[in-house]
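Taken in order, these protein sequences are the chains called A and B. Sequential numbering of the first sequence, starting at 1062, is according to the working numbering. Sequential numbering of the second sequence, starting at 111, is according to the working numbering.
There's no promise every hint is true.
[To be verified] Once the Cα atoms are required to be at most 20 Å apart in a straight line, the calculated SDA-like pairs of lysine to any residue come out as:
1. A:K1456 / B:E164
2. A:K1331 / B:R368
3. A:K1456 / B:E310
4. A:K1456 / B:A403
5. A:K1331 / B:E411
6. A:K1456 / B:F312
7. A:K1244 / A:D1095
[To be verified] Some chain B residues close to chain A (C-beta under 7 Å, calculated; not the full set):
8. V303
9. A339
10. W381
[Claimed, not checked] Chain A residues, not near chain B, derived (Cβ > 12 Å throughout):
11. R1173
12. V1262
13. A1327
Note that these hints are calculated values from the structure, not bench results. For glycine and all other residues, C-beta sits at the position ideal for the given N, C-alpha and C.
The primary structure of each chain is shown beneath.
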Amino acid sequence: MDLTYTEEEQDFRARLRAWLAVVLPGLPARPSPDDWPGRRAYDAGWQRRLYDAGYAGLHWPLDAGGRGATPTQHLIFLEETERAGAPYVGANFVGLLHAGPTIAAEGTAEQRARWLPPVLRGDEVWCQGFSEPDAGSDLASLRTRAVRDGDAYVVTGSKVWTSHAEVADWCELLVRTDPDAPKHRGITWLAMPMDAPGVTVRPLRTLAGSAEFAEVFLDEVRVPVANRVGAENDGWRVTMVTLSFERGTAFVGEVVACRRTLGELARRAKENGSWDDPVLRRRMGRLYGEFGALWRLTQWNVSEAMGVPPVRAKSRTRGSSGGVPGTGGSVFKLAYSHARQELYDTAAQVLGAGSLVLDEEWTLDRLSSLSYTIAAGTSQIQRNIVAERILGLPKGR
Amino acid sequence: MRGVHFQPTEDQEALRAGVRDLLAGRYGREELRASVDGAGPAGGPVVDRGLWRELGEAGFFALRLPEAEGGVGLGLPEAVLVFEEAGRALLPGPLVATHLAAGVVPGAAAGKAVVTAFDLGGDLVAYLGEADAVLGASGEPPPAGEPVRSVDPLTPLHRVAAYGDVSEYRATGTLLTAALQVGSALRTLELAVRYAAEREQFGQPIGAFQAVKHLCAGMLVRAEVARTAVYAAAVTAAPGEIAAAGLLADEAAVAGARDCLQVYGGMGFTWEADVHLHLKRAWVRAGQWGTAAQAEELLAEELLASGS
Ligand SMILES: Cc1cc2nc3c(=O)[nH]c(=O)nc-3n(C[C@H](O)[C@H](O)[C@H](O)COP(=O)(O)OP(=O)(O)OC[C@H]3O[C@@H](n4cnc5c(N)ncnc54)[C@H](O)[C@@H]3O)c2cc1C
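Chain B with its partners taken away, still in its complex shape (with noise of 0.2 Å):
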């Protein structure tokens, strides 16, 4: 029977399953917890350049770039679906800014440089100190930075003076980064009901909790309708569905990280658990590429445009 196939094809799983290997091998949990550690308040580097080379030649920068310029050819589908993997590992770095970097500035495409863009709005931008280059930058070197304290251990901030514009990679970042938040959010789903099935508390697992339970089942929700409006977005590319991927992939990372913290109970308010990490990552990236405030409004004016 043939229709609307949404679902990811065989290849596509195939490439998904590829990064998740990659990932799993080289930044698994001992991984993370060693770059939060090094990452510290002296403020050693955060993005691993070997991994990121490696990154390269598995194609996730290079992804969309056409096969002529050495790219891989493939689209906003295939795109979506590592950047899942790479959310839900909890991958540092700019990596949005690196992929849509691809065929715009040397190495990037190839994991060799590392790209940050202005996407952060404010005057904030991130791995300055790490970063080959800026995108949305008018000039070279990258400007120039002062160091300040970033609420997330593995997103380094540096304050500027002047800010570029990126406003034409708008569309495709916040897509990506909603993909990221996606992976983040299905990730402390994970985390939440394991816990939930282990912990026990009154002589039962705290998941046997109604109240434990509907936190996790309202997590789900949330995480499945933004999974799906983030595919849909990556198939449509329509300006409307990337604005709302982004927003319920916002809702959906930074509400189930927030969940997951109350169902770990004092154990989420650890540095030690992971939680943390997705929550202030989650911040993070529920402003980068845009304003919730932009999206809605687009989407407003699109409301009002429709059907009349």
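Excised from the complex, chain A in its bound form (with noise of 0.2 Å):
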């Protein structure tokens, strides 16, 4: 057990810190949460610095584009990025997160070619349509129809919770090919242009008040059949794929963002007199063991990682240490969604009857974090995950 970094690991830190210190204070001013071309933009324009400095795809392989940093360095950078406050993916978290590691994982050399540098670039947003009104938790029922027409896809229905779906240029779609196959096994992975004919967005409004996704109707949507990524009915493998990609390290820097928000928390309570409550003083305490040993989970996870490809490394288990398998990411999100609702709902406490107040610089938090136990699998489906993949219970019938 070790938690020293080598000495490459701490140069690359070191640098990483300087650069960060040189960039961050002549970044534009945030735009506000509500207009969106200007999200895309302020987001765009940070990715394109990391890219002109290197720090674009650190940890994604050479052939992609990335520049094949270890896990350890990637959470190094996810560390020290949220540390100095720098700015999140924002915009482009699909891209670098969930379609580009998909295509850097499944796609053709030309398909690589074409999608991965513009998201490392930060000059295309991705945006993820998978759900839809009928097909949430249970994914695979979706019925989004690709018919065969030629070299293209013809596709008609609906999809619904697409996150930046207004400022998108590509969407990863789920579609069903095979309407009578197994449902898991008629499902087709598609990068859709946006700007086709017959895509509808109509922006939602979620209950903070903006318009964080929308619903996307699908009208005859001709997509090329090059723009499949694996094979035909093989959508539901290629997109597994990519979801253990996504929840290894998805969540590192907003630990790190959660330890901060609470020491900022605590100042508030010192000043406005509510430190003094021994109640809440504890349960903020008790928060911040919580958050360092989330910091130390990710770790672990990252730790257990090195030297394994991420999908394999999903389903290791930890085996001879203790005989409980274990895998990083439902056990994970199912600790840190929790304790990030607890963070806000705590962070009420401290502002007292200022917590009804809009404006308060918790209270949009507080209403965001309301989504942690729903969004990319509700805790219910984390537990199931637990119970039957992770711990071998029965399903149920």
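Reassemble the complex: the two chains are provided individually, in unrelated frames, and hints are given to aid placement.
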């Protein structure tokens, strides 16, 4: 057991830190949450800076335009950028953390050359068209149809909760190509241009008041067969390859952010006197300990993944180290999403009646945090995964 | 590839496996139940002195003592692994106190002495009747005490008039106790999962019911987070990380045993099932070497100082 970094890694950290100190003060002001074009431009600008400095696609393989960094270097990158208060991936989330890795893992050489460089440069934004009105947790029951017509698929159906759809150039789309096959076996993965005729985006307002996601209606949209990644009807497997990419490290920066937020909260509590309430103070102390442990859990997961391809790492177990198998993603997400909601409930206690004021710093965050136990697989679904795939409990009838 | 190597090394795993094998052979379920029956109201001895010696010979108590002083010369990361195994086996006796007494109290390192400590708070001391020494006591011989009936059949208790100070041992004591708790939490999880797969109702294993599944999933999440916290604290020995590890491990052990009891149904409420033994021991340990309030206050102080 060892938590020390190699000299090379410390070097990497120092160089990154120095670069951040130079580049961050020069960034433009953050746009308001409702200014979507502004947000896109801001996120693209940040991604471009990363690209120019050699930090884009850090842990992507070299043949995908990445830098081939080790998981530990990636972890250091996420830790340091967050610590310095650098921008989030934002609108580039799907491109960098899901669609991109999918194409890197499953795409042809031409597909990689076409789609990956613009993602790394921040030139093109992707969204994820998976969920449908009747296919949420039961994603494999999706019904959006794609019918082959010459060198194109003709796609008709509707998607929902599509984050960033309004500003996206591309959509990683799951469609049904074989309605007669068992539900997991008739799905295909397509890259759909969002400006194709027949695509209609209708923004949905979230409970936080802003339009984070949208409905996407597809009316006989023609998508070239060349835009299919993986084989026809193999889209479920293609997708699952990347869901595991997403889970390992998608929240690392946020754990660091939570610790920082908690520190700010403690200082606010000290100022307004609520720190003198031992129940509240102790609650904050405990949360601080929990976020520390969650940070260690990400280190554990990354350490476990070192030298093992990410896809296999996910299904690896803790085996010999005590008999209970562990997978990074679901265990971490369950603990983290709960802790983060608890963080903002605690913030509301610190603010008192001030938590009812929408302009208060933590009020919007508190509202956003309500999605953490729903998006990317609800907590109930995560518990099913833990119970059935890690603990081996039987499926119900 | 190099980088953070958080996972135990092969040597560390071998050490853990050695202790697990020793305990499986010498303190399996039969021995556990025999010591529960033997403890009874008459209050026979709980600590098996022969086994204590064997543990001593295996280096359990002298693990962190420098080799120059006759110890094994290993560190906290190794210690938490072997304590996790002891927690899993529900091994009784003042394991942490005797380990801490190695090099301080003669005979402790070799397992020749049984050393307890003023680690419970209040005015209670565990294993006083069987102990050769008490960590934190100002003088010899150990203070006399009044036996009281203990909630845990394998943790006999005495009430004493004067209490000693163990603050110098608090941090390490907290960490090793947390490792015991993690072992217990992992064990109750195993018991629950096994029972849930075997017991059938409504024509299917109860583990196929989602309500039962989700209890088990929750147990795993708590146990894994706590285990990682304990390992990290063993590596850094930072006071805040140790405090957090203690809090998380106490929760994992206590809530884990309760959820296991629920999964067992009526069987969980019996004396015969081992579940109650885990719960009762977890309750004892949860207050050992400091309270949750103290740990949370320590963390709160660190939080306030962080990044300012
Ligand atoms: C902020 C946000 C952003 C999102 N972004 C995207 C995106 O960009 N692209 C995209 O495709 N999707 C996106 N989603 C959709 C998200 O993946 C789904 O909301 C999620 O998978 C749940 O599906 P659902 O909303 O249909 O709920 P449902 O599946 O209808 O679930 C409703 C309730 O039933 C429970 N439930 C369902 N099935 C089971 C079961 N088997 N066992 C126990 N309980 C069950 C659920 O846990 C939940 O409590 C986003 C969602 C949110 C909140």
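* Any of the earlier hints contradicted here, and which numbers? -> Violated hints (numbers, rising): 1, 2, 4, 7, 10 and 13; every other hint is consistent with the structure.
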